[in-house]
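4 protein chains.
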Amino acid sequence: MSLFADLLSTVFERRYRGATEPDRKGRSIEELCADLISNAGEVSGTELARLILDRYAAMEWEEKRAFFAYLTTSQGIDTAATRTALDTYEAGPNKASYRALMDLVEPPRQELARRLNQVPGATGQLVEMRADLLRMTDKNPEFAMLDLDLRHLFASWFNRGFLVLRPISWETPAEILEKIIVYEAVHAIHSWDDLRRRLQPEDRRCFAFFHPSMPSEPLIFVEVALTKGISTSIQDLLADGRAPMAARAADTAVFYSISNCQAGLAGISFGNSLIKQVVADLSRELPGLKTFVTLSPIPGLTRWLEKEGRPLPGDPTAQRQLSAHYLTNAKRPDGGPVDPVARFHLGNGARVHAVHAGADTSANGLRQSGGVMVNYLYDLAQITQNHERFATAGTVAASPEVRALASAVSLQDA
Amino acid sequence: MSLFADLLSTVFERRYRGATEPDRKGRSIEELCADLISNAGEVSGTELARLILDRYAAMEWEEKRAFFAYLTTSQGIDTAATRTALDTYEAGPNKASYRALMDLVEPPRQELARRLNQVPGATGQLVEMRADLLRMTDKNPEFAMLDLDLRHLFASWFNRGFLVLRPISWETPAEILEKIIVYEAVHAIHSWDDLRRRLQPEDRRCFAFFHPSMPSEPLIFVEVALTKGISTSIQDLLADGRAPMAARAADTAVFYSISNCQAGLAGISFGNSLIKQVVADLSRELPGLKTFVTLSPIPGLTRWLEKEGRPLPGDPTAQRQLSAHYLTNAKRPDGGPVDPVARFHLGNGARVHAVHAGADTSANGLRQSGGVMVNYLYDLAQITQNHERFATAGTVAASPEVRALASAVSLQDA
Amino acid sequence: MSLFADLLSTVFERRYRGATEPDRKGRSIEELCADLISNAGEVSGTELARLILDRYAAMEWEEKRAFFAYLTTSQGIDTAATRTALDTYEAGPNKASYRALMDLVEPPRQELARRLNQVPGATGQLVEMRADLLRMTDKNPEFAMLDLDLRHLFASWFNRGFLVLRPISWETPAEILEKIIVYEAVHAIHSWDDLRRRLQPEDRRCFAFFHPSMPSEPLIFVEVALTKGISTSIQDLLADGRAPMAARAADTAVFYSISNCQAGLAGISFGNSLIKQVVADLSRELPGLKTFVTLSPIPGLTRWLEKEGRPLPGDPTAQRQLSAHYLTNAKRPDGGPVDPVARFHLGNGARVHAVHAGADTSANGLRQSGGVMVNYLYDLAQITQNHERFATAGTVAASPEVRALASAVSLQDA
Amino acid sequence: MSLFADLLSTVFERRYRGATEPDRKGRSIEELCADLISNAGEVSGTELARLILDRYAAMEWEEKRAFFAYLTTSQGIDTAATRTALDTYEAGPNKASYRALMDLVEPPRQELARRLNQVPGATGQLVEMRADLLRMTDKNPEFAMLDLDLRHLFASWFNRGFLVLRPISWETPAEILEKIIVYEAVHAIHSWDDLRRRLQPEDRRCFAFFHPSMPSEPLIFVEVALTKGISTSIQDLLADGRAPMAARAADTAVFYSISNCQAGLAGISFGNSLIKQVVADLSRELPGLKTFVTLSPIPGLTRWLEKEGRPLPGDPTAQRQLSAHYLTNAKRPDGGPVDPVARFHLGNGARVHAVHAGADTSANGLRQSGGVMVNYLYDLAQITQNHERFATAGTVAASPEVRALASAVSLQDA
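Chains A, B, C and D are the protein sequences, given in the same order.
Quick note on numbering that gives the first Met the number 0: the first sequence kicks off at 0 and runs consecutively.
Quick note on numbering that gives the first Met the number 0: the second sequence kicks off at 0 and runs consecutively.
Quick note on numbering that gives the first Met the number 0: the third sequence kicks off at 0 and runs consecutively.
Quick note on numbering that gives the first Met the number 0: the fourth sequence kicks off at 0 and runs consecutively.
Among these hints, one or two may not hold up.
If several chains are the same, the list does not tell them apart, and a pair holds so long as it fits within one copy or across any two.
[Said to hold, decoys possible] Cross-link-like lysine to aspartate or glutamate pairs, in silico, EDC-like; alpha carbons within 20 Å at most:
no.: 1; residue 1: 289; residue 2: 192
no.: 2; residue 1: 94; residue 2: 131
no.: 3; residue 1: 24; residue 2: 387
no.: 4; residue 1: 227; residue 2: 280
no.: 5; residue 1: 94; residue 2: 146
no.: 6; residue 1: 227; residue 2: 250
no.: 7; residue 1: 94; residue 2: 137
no.: 8; residue 1: 94; residue 2: 141
no.: 9; residue 1: 178; residue 2: 127
no.: 10; residue 1: 178; residue 2: 192
Simulated from the structure, these hints should not be mistaken for lab results.
Given only the sequences and the hints, what does the whole structure look like? Please build it.
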């Protein structure tokens, strides 16, 4: 009935908007925003909000820039008033002084965003708006403040407690599947047949987080292969024509691709929750699964070696030694691992489990890491401890095997 | 599968918690909260959050009071640091200074609440927590600050854009229906049969707002009677044994009961959105509906008359004149109507449409208003204008008939 | 949207029926049936079918009797034509002769019922029609032929492969729950609270078969208690205020009530499939369940004892001996057990597992069996063998304990 | 959870089958069928049925032929016994004699098919079985009798009252969409992009009938274009890059493709019901739709002209005249139209509304009808009358315009 509903809704709204629209046609988006914020009640809020979102959607790039500039400069906090309120509150912290302070320390643009979000479907449009904003922050660094406000709001709205995990399968609506094709960021999906190979066999799974207000927009998804033993080659995993195995015969789940979908949700982390939830769900479904690992790229390896003036050797063992060394010892000034994927999984409490030469023979795989890939292991009994050591002391958890490989390089260097 | 899922989930969590629980058993809820806030990553956040919520759920009243006291005093804002950050920001407003300021002006207890909300089902528990808190604010007025923080968060989480309108019917799960019985606040539902009379006939409707994270908890609901002409007696509307009419023959929808369900969401207004949405949906479904009115109590009438030293006369016409006068002219010091139900509907843009003597002959109806009830009219073409005049100038919209009744009293008084 | 759909559907149909109705108003239901059958195509079939069903629904009892008489006499098979077709077929069995024969051996009233069933919702109405018919067969034994035809059709339509098993819980729509209250045939449900006690605790379950075309009408349902050990008292099982146990701590599932819901589906057996399916589903959900038993009434005990001129003794051991004897040895002329509940469960492959005195102290329980109840055990490893021995040789499967009890009586008698 | 369910179900069944399988391994499918039929009870029926279906699924072509031969010869009716029963019934028609007769006139293979259908998922497998059978009837005409039995059963199981109409859209599971691609029989769908063009734009619709027991298998589907005025070219309708129109601006719904999906349901007609239902649903959704027409091929035109020794002229007007003549006047010996598509739509009560030259310029379109296509009009006010005249007198309903075109040929011929 959705099209029908849409139609009627339009008819209804036209009738309903009748009284209010004429007055607003001549007003600028900035004036409309001021109306929306100032309007004490909420009676015409939805109409106003819809009008603003429609206006925004029709804007050219430079108009959007001007709109963001307006939000940055005119909808920020009033420092003088805030200071006074802070003094009053400090002198006598009570309901009234606290409320006055709280009203001032939050910039009006946050309330504006909340009021825009009254409109059904607005959440996705606001996420899009932030994606636009982020594309401009290089040129307009002052927009970073507005961005912090949106990010703050979105972190609250997209709180883990509000997200829904859904399996993505060959029974999923095409509308969502085509987005999976587009959003896949690690190993490109080349066609619907390629997609089907990752979804339909009983030893392949995919899961995504959704938000109830954006039901056909995945936020992040992970692709999983169920295997006997740990995979050491992404090409083998994705091979066309391979024979699927019975899911219940698998002992290992390999997370071979994790993709964030929404540019407008940058900086809001879902990956750790997603992996833990999928580990939990697969454990329930398939008690035979004993090992949960990734098969991950090492995107920074070649670049780092170049910086170190050290070419990647051709010998697979030497490749593995250098990779192990890089993953466990190469650190940024802030003490974190150089490799971004390592940072993510180690931060989640995983450990560096094994490295494999010749594991990704695609052009991209060879370019970024000479074809070497790595398994990060998610061991539920160790995950908290690993995470805490990593978070507090920067300790990188690694298997004895990986340690041994890495120490070969250290000894050599010494 | 839900029970099964629960079971397995418990098994799984026991396995999973194994490593972490022992260390935490000895820690107080305050220490756990500090852990949860300080924990930079989110790896063990869910476990911690669940532990805190479980502890809270098992607390006695005085333990809860102590916990709220802790949140009030130890998780508030740091005014000295905030003032410094404010100075820095004012001197150079940029990403770093803004972020530093924003981090300080939000009390840590807000982030604590967001982290607690990671746990599936936590949203409802946090709403319950605020309900507990509100029961204590009389005795502990300092808790009002904590309450403002929760209310601020909840206003964001329960934003109109996240709510879902669902019809409540005889096909609704019993689990939800029994809550409707409990939550009905205007005209008590005495039994399942009484409930059925309000849901099953085709000329009776009920709608509720739900939040996706609390799928079996209505937030607010409205009961509607479809009628020919405007009802003038609640007893007639609810009479057992009355003959239902065909829904498509109705020309009027009477909103005869609106009940908020969640004490913990006090101060977050859904009523206006609910009525407007229901008007919209019913308009679509039944194009024959031309009039949308309430049949509302006048809860403050008797009390006000007493204060005025004016007994309610026995004569129906005189009763109606005094009621019209009270609804349109009796004001609070702040300029708003004395009557709380009038404040609500006039604030929504409705107008006082008609008053009826003998309309509620129940004990409660006679006590609060001598049996007089009132229709507020929701006319979509007038609603915005009414609302704006009411919000800005305190103008009470009323029908000519009601005006005439009211002026009879004014003349008399003059 | 269902009401809306209904409304529009009515509008649409009025428009649509326009052309056809006038001609049909004057026609009798018999003429309409003849039209429906004769109509080679199906174009106006739905309209005609609806008209016939509407007419039927509005009939008085005697009109229905006349209608059934018409179907019995005028819509039966043509024996002369059948004999000719049989000869032709026997002389040359081929497509044409077989089709001709098949067309004749099926009475037209079967095709009539299929055509009536084109109308959405008709299946339930046809089931109701048979319920009416069955109420008349005592007085009109000739209707048994029409009944055989309906039963034949229904056995095909309500084939196990078309049924859907659904849990009945406190989350089930009230509309269905109120039918559970009405249809419960073994231990009456006295109120919604009583119902809740059988559905909501985690150690209580209920399951029903539904047909997709009658989605709010249960066909048969079973109530289950999860327990530690085998229950020996129905009053204990149903006690108000008892403390529920954790479902996963249970080792036994007790089927304490099975009720057929549709009088019009008499003679079409669902019970065996239902029990087997529920045993399978519960086994999956709760692997701790090791024992699946009923706690069943012995409805024929007192009556049989009276016939035997043997009063039920007061001593519990003697009661149990006589009950064991009755269940295992008392046979009908056709070799089947006298007790109808025993016939059902033994026919399903269950065995008589234990008998308990004082197990049903309700007025009804005392009247029918002096309060004695019986457990029938469903042991999946034995079920087929038990069933086959019972079906072929009339052998009653029983536990050694029950055998011993029974033999005490035999010895005594001998 | 389906895979999980499968897994557990298998585990469970292994446990359960334990007792029964050994005995059956050595038995032939014919013996198993005899067991299934003879087994008075239903206890082990499901297991037996599953075993038979599994055996069948693993058979080679010639084994299937042997199995059908067995069903044809050994599971047919017993004519001698039937004659005796017929005599008995004729002599005394009562419940016993009628039941005996009915039991004999239905060949045992019908009951066999019903018992096979106990297994979840069996319905689809039985439909497949009939598809196999139909592929053999040319070589084995004696199988036509078995086919008549299956068709008779399926007509009952796939009764209109049991079917569910579902829209097929871009939100439909990929699993179903890929079947739409495969089953499209009129204008081939070349890719997922081509499919999307027929589903996603708001002026394109698709609807299919499903049976609840085969939820991912469409039975028949129709593709619809919403247009302003009646389409005269299929290539225009399906053009890539065309601009969609607003659905509510359309005044016409064009049914441009209807495809049956299940070879095993041949001879069971859904098309008429589907079209009528879709007309009804679209009328409700889009009250602006005034005209419901097909844009149909004329598959028999070229062939008929060849037989008539009359080449299709190049002149569009002459083409249209001949097409109109063919559609309205070319009859088979039985009086029905020569053209199969014409037979279908005229049989449904549609009329020949307009013919268009150059309407299908595809290779196939040019070959079968020189590119001419036809609109059949579904006018709800005329449909019953048209159908009845067609069914009784063979009258072809046509628009005055088509009549005029056709009469040009008749005059010419005369």
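>> Tell me the numbers of any earlier hints that the structure contravenes, in ascending order.
In response: Failing hint: just 1.
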